[in-house]
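Given only the sequences and the hints, what does the whole structure look like? Please build it.
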Amino acid sequence: MRQSLKSYPYYFILPAFFIYFIFYIFPTLLGFLLSFTNWNSYGKQISFIGLLQFKRLFFDEIMWIAFKNTIKYSIGTAFFQNLLALILALLLNNKYKITNYFRSIFFFPCILSPVIVSYVFSGIYHPQGLLNQSLRKIGFFNINIQWLANPNVSMYAIIFVAVWFGTGILMMIYLAALQGIPQEIIEAATIDRASSWQLLIRIKLPMVSPAFTINIVYSLIASLKVFAVVFLLTNGGPGSTTEVFNTFIFKEFTQGRYGYATAIGLVTFLFICLVAIPVMLILKKRELEI
Amino acid sequence: MSYTSRHLKKAITINVILMFLSLIVLVPLWMIVINSFKDPGAAGSLNLHFPSAWQFQNYYYVFIEGKLLRAFLNSCFITFSSVFIVLSTGSLASFIISRRKSILTNILFIFFLFGLVAPPQIVPTVKVLQTIGIHGTYAGIILFYSGVFLPFAVLLMTGFIRSVPREIDESAIVDGCKTYYMFIKIIVPLLKPIFATTLVLIFMFVWNDFNYPLYLLRNSRMWTMPMSVFNFTSAYGNLWNYVFADLIMASMPIIIVYFFAQNFIISGLTSGAIKG
Numbered sequence: 001m002r003q004s005l006k007s008y009p010y011y012f013i014l015p016a017f018f019i020y021f022i023f024y025i026f027p028t029l030l031g032f033l034l035s036f037t038n039w040n041s042y043g044k045q046i047s048f049i050g051l052l053q054f055k056r057l058f059f060d061e062i063m064w065i066a067f068k069n070t071i072k073y074s075i076g077t078a079f080f081q082n083l084l085a086l087i088l089a090l091l092l093n094n095k096y097k098i099t100n101y102f103r104s105i106f107f108f109p110c111i112l113s114p115v116i117v118s119y120v121f122s123g124i125y126h127p128q129g130l131l132n133q134s135l136r137k138i139g140f141f142n143i144n145i146q147w148l149a150n151p152n153v154s155m156y157a158i159i160f161v162a163v164w165f166g167t168g169i170l171m172m173i174y175l176a177a178l179q180g181i182p183q184e185i186i187e188a189a190t191i192d193r194a195s196s197w198q199l200l201i202r203i204k205l206p207m208v209s210p211a212f213t214i215n216i217v218y219s220l221i222a223s224l225k226v227f228a229v230v231f232l233l234t235n236g237g238p239g240s241t242t243e244v245f246n247t248f249i250f251k252e253f254t255q256g257r258y259g260y261a262t263a264i265g266l267v268t269f270l271f272i273c274l275v276a277i278p279v280m281l282i283l284k285k286r287e288l289e290i
Numbered sequence: 001m002s003y004t005s006r007h008l009k010k011a012i013t014i015n016v017i018l019m020f021l022s023l024i025v026l027v028p029l030w031m032i033v034i035n036s037f038k039d040p041g042a043a044g045s046l047n048l049h050f051p052s053a054w055q056f057q058n059y060y061y062v063f064i065e066g067k068l069l070r071a072f073l074n075s076c077f078i079t080f081s082s083v084f085i086v087l088s089t090g091s092l093a094s095f096i097i098s099r100r101k102s103i104l105t106n107i108l109f110i111f112f113l114f115g116l117v118a119p120p121q122i123v124p125t126v127k128v129l130q131t132i133g134i135h136g137t138y139a140g141i142i143l144f145y146s147g148v149f150l151p152f153a154v155l156l157m158t159g160f161i162r163s164v165p166r167e168i169d170e171s172a173i174v175d176g177c178k179t180y181y182m183f184i185k186i187i188v189p190l191l192k193p194i195f196a197t198t199l200v201l202i203f204m205f206v207w208n209d210f211n212y213p214l215y216l217l218r219n220s221r222m223w224t225m226p227m228s229v230f231n232f233t234s235a236y237g238n239l240w241n242y243v244f245a246d247l248i249m250a251s252m253p254i255i256i257v258y259f260f261a262q263n264f265i266i267s268g269l270t271s272g273a274i275k276g
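If you're matching them up, the sequences are chains Y and V in order.
Number 148 in my numbering belongs to position 148 of the first sequence; there are no gaps in the numbering.
Number 213 in my numbering belongs to position 213 of the second sequence; there are no gaps in the numbering.
Simulated from the structure, these hints should not be mistaken for laboratory data.
One or more of the hints may lead you astray.
What the hints assert, rightly or not - With a straight-line Cα cutoff of 30 Å, these simulated BS3-like cross-link-like pairs (lysine-lysine) come out:
#, chain 1, residue 1, chain 2, residue 2
1, V, Lys10, Y, Lys97
2, V, Lys178, V, Lys192
3, Y, Lys95, V, Lys9
4, V, Lys178, V, Lys101
5, Y, Lys95, V, Lys10
6, V, Lys10, Y, Lys251
7, Y, Lys225, Y, Lys55
8, Y, Lys72, Y, Lys251
9, Y, Lys251, Y, Lys55
10, Y, Lys225, Y, Lys72
11, V, Lys101, V, Lys192
12, Y, Lys225, Y, Lys251
13, Y, Lys285, Y, Lys225
14, Y, Lys97, V, Lys9
15, Y, Lys251, Y, Lys68
In this text the structure is predicted, and so the values were computed from the model without any measurement.
What follows is the structure, given as structure tokens:
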């Protein structure tokens, strides 16, 4: 035994350890330190300024807008993505020949870069774009909505884009869960004359609850980190009405206020951990009860 | 109503609903394809009509002006280097972590798992890369991506190696085989399915990522595909025919891969979401 352990040398771990430590863990730890400094592009000297960045952040109006928008975006996106993904999975859970084509179509947007998707939708949301044209064609002749420049609708327009390209992967996870339900259970329920509705509510949905946990946590965490769609569609505008954490960080970064950007990054980091862990625990517990 | 006709009715209803829903995906795609073949004036009206004259040369123009070849090579280089680093270092580390059951390896395992929850802190990363002197280089962004994906690879690989009986490597060692040789000859071939999943995930993420190159790559000669699209669109913003042609050209590599390896990509991404 002792002899054989020697053939598993610890130094095999070192390359992975160093890469992970230097390029992931160390920056995270450094973030805690740098957010207490005045690090910026103007002065050469980095000096310790205590909680000043956080105090500034607390009274920064844009911070609160970004906070509110990130939550709004995440809840809206996670809700509609999961709802639509579940509906699609239920519709696709059959053996028709055509089903495979539908599956490929609905999954397709997932493989595209958010950059590509954002520019496709900037063509659709353009004041003279496809959406307004279609609305005029079906009878709203005078419509001229500025989908991305009107603060009342722009966040919903962005959420729609996120649902458009993020639903496919969740759909596949629900579909896999539905296909994993043993056929005997469905048959037994059918023999007992369960209606399709009862079958859905009493059997299918409870049986896919592990997939709920995965999908809700996954879509929430992914949308809390949103950057590209917001940056490219509205760049946080008009004004700061659609600002989210990551666009705010990037703006401060390009302004050269690195310490401040780090402080926002740290708040985002803590916030994501704070949301993800309890959500995971609550859903896990409920899953066990069912 | 008979059993079969009820089934037929259900099948038709489901497929008609699906057909309407699939239009939500297909219409935007049709819009960019059809408008990419128009002249600037016709494309500016952003409708779904066929072009009066097909402008195939749009694609040639975009390929040259959008510097797409350079961006394609950059994306390939950055993606595959990251994949190589994650798979090679990750499998070595996972091998030891799963074979030695000591307090140290347990701590290391939890240490690696931490990276699955926490999002990377990009601004301090810039500071670290600047200090080492690799900010704005290929090495900087490749090592950053490797750090981000190592936790995931370690999680998958340790789980897998645990299921491989120790007796296999012990017998090789008794036969006088060196550890690294045994690792490459016996363990690595067994890890193929996990290599595949990790490959798909890193490929899809790095290839499509737009957030981190903005911070980590300054020189436009190193830009990846999404960055080149961003740059091209900023310059040609209102010439929709060129913008759409650029979007299509930039997506082509991934569409081709999806066409040939659809199930491979879907299962890779899905299991990535489940285990991540």
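Does the structure break any of the earlier hints, and which numbers would those be? Number 6 - this is the single hint that the structure violates.
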